[in-house]
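Visitor: The primary structure of each chain is shown beneath.
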Amino acid sequence: GQSLEQPSEVTAVEGAIVQINCTYQTSGFYGLSWYQQHDGGAPTFLSYNALDGLEETGRFSSFLSRSDSYGYLLLQELQMKDSASYFCALRGGGFKTIFGAGTRLFVKA
Amino acid sequence: KAGVTQTPRYLIKTRGQQVTLSCSPISGHRSVSWYQQTPGQGLQFLFEYFSETQRNKGNFPGRFSGRQFSNSRSEMNVSTLELGDSALYLCASSGTGENTEAFFGQGTRLTVV
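Just so you know, the protein sequences line up as chains A and B, in that order. Going by the working numbering, the residue at position 76 of the first sequence is 76; the numbering climbs one at a time, nothing skipped. Going by the working numbering, the residue at position 27 of the second sequence is 27; the numbering climbs one at a time, nothing skipped.
With the rest of the complex left out, here is chain B:
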């Protein structure tokens, strides 16, 4: 079956602009999580959605938001971009249960100039 698909793969934006990233999970997966990855910082948890509801949120400013649609596809939005938002944004989908593995997409590389 198809894996997790993230679009676009690469993006260059200017400070102050906003951006929307998309994630299509594996078919049948209802949980989608978003992470920000920067060198040396590992994967920082942004938020997790399940059945269109945000179940948890990481320690990021309100400029970072997300949503999930009825088909489980998810989007994250970053408004008023800052240079420090430059990072790889990863989306992961998983099935139900507390011990299911997360399947990651290839990520969206965002560069803010």
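For reference, chain A alone in the conformation it holds in the complex:
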């Protein structure tokens, strides 16, 4: 089967850089996605890595290493509004997307 692990909580200061890691176990997959979810809101798509390497979208970057079964989301110039839960997700075979349990990011002033 497929499974993903990510830290349950991360705390960082406004203006800093934070990295949220995601390790996974799977027999095969198309790519790794990241989603953001604010309290009471719906998850929204942030980024997708189909290939190894870094993908940059503004203040957010995501990285994938298939050989290490590992990925991360990097958030730069943290803002208070970045306080949310972040989920990594595997888009696998069988048209199934599996999500991690989520990392709660607290941004302090």
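Keep in mind the hints are simulated off the structure, nothing from the lab. Using N, Cα and C, we set each Cβ at its ideal position, and we do this for glycine too. Heads up, some of the hints might be wrong.
[To be verified] Taking beta-carbon pairs under 7 Å as the criterion, some of the chain B residues facing chain A (in silico):
| # | residue |
| --- | --- |
| 1 | T38 |
| 2 | G42 |
| 3 | L43 |
| 4 | N56 |
| 5 | F60 |
| 6 | E101 |
| 7 | F104 |
[Said to hold, decoys possible] Taking lysine to aspartate or glutamate and the EDC-like style, the derived pairs with C-alpha atoms no more than 20 Å apart in a straight line are:
| # | chain 1 | residue 1 | chain 2 | residue 2 |
| --- | --- | --- | --- | --- |
| 8 | A | K81 | B | E52 |
| 9 | A | K96 | B | E82 |
| 10 | B | K13 | B | E75 |
| 11 | A | K108 | B | E52 |
| 12 | A | K108 | A | D82 |
| 13 | A | K108 | A | D52 |
| 14 | A | K81 | A | E14 |
[What the hints assert, rightly or not] Far from chain B by the CB rule (all over 12 Å, computed), these chain A residues:
| # | residue |
| --- | --- |
| 15 | G53 |
| 16 | F63 |
| 17 | R66 |
| 18 | Q76 |
Following the hints, position chain B against chain A.
Guide: Showing chain B alone in chain A's frame:
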């Protein structure tokens, strides 16, 4: 264009009852997936439909079922409700292809008492 619409937003049911939740995907999207979200458990995959066919199913009991209509709207049904079924149920729609992002609705908050 309109986003994913889920109805109702909130629901309170009694143990043993059944419930039907509805999801209208983004126009043109034919894939609809359902997830159960509980605190600390992330999003647990329930099932995925494409063109009225269930293509995959998660590890949930048979009390959880779903269907998709010809207009891509989807419903999920939970029979014989248990207290543990209390959760946020999220629906996501996506286009074709293996790397398309999923667009989520606001969810239905189900409380079983």
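Visitor: Next, verify each hint and record whether it holds.
Guide: Hints versus structure:
With 7 Å as the threshold, the beta carbon of T38/B stays out of range of chain A, its nearest partner Cβ sitting at about 10 Å, so the hint is violated. Checking G42/B against chain A by beta carbon gives a least distance of about 4 Å; that is within 7 Å, so the hint holds. Among the interface hints, the one on L43/B holds; its C-beta lies about 4 Å from the nearest C-beta in chain A, closer than the 7 Å criterion. Taking 7 Å as the C-beta cut-off, the interface hint given for N56/B holds, the closest approach to chain A being about 4 Å.
Checking F60/B against chain A by beta carbon gives a least distance of about 13 Å; that is not within 7 Å, so the hint is violated. Proximity of E101/B to chain A holds as hinted, the smallest CB-CB distance being about 4 Å (cut-off 7 Å). With a cut of 7 Å, the hint placing F104/B at the interface with chain A holds, because the nearest CB-to-CB distance is about 4 Å. The suggested pairing of K81/A with E52/B is violated, with an alpha-carbon distance near 39 Å, which exceeds 20 Å.
Note on K96/A and E82/B: the hinted pairing is violated, with a Cα-Cα distance of about 26 Å set against a maximum of 20 Å. In summary, the hint linking K13/B to E75/B is supported, as the alpha carbons are separated by about 17 Å, within the 20 Å threshold. A hinted pair counts as satisfied when its Cα atoms are at most 20 Å apart, and K108/A with E52/B does not qualify at roughly 46 Å. Using a Cα cut-off of 20 Å, the hinted pair K108/A and D82/A holds, with the two alpha carbons roughly 10 Å apart.
Only pairs whose Cα atoms come within 20 Å are accepted, and K108/A paired with D52/A is rejected, the gap being roughly 32 Å. Pair hint K81/A plus E14/A holds up; C-alpha atoms about 10 Å apart against a cutoff of 20 Å. At roughly 15 Å from the closest C-beta of chain B, the C-beta of G53/A stays outside 12 Å, upholding its exclusion from the interface. With a cut of 12 Å on Cβ distances, F63/A stays outside the contact zone with chain B, its closest approach being about 16 Å.
At the 12 Å boundary, the C-beta of R66/A stays outside the reach of chain B, the nearest C-beta of that chain being 15 Å off. For Q76/A, the requirement that its beta carbon stay farther than 12 Å from each beta carbon of chain B is met, with the minimum near 22 Å.
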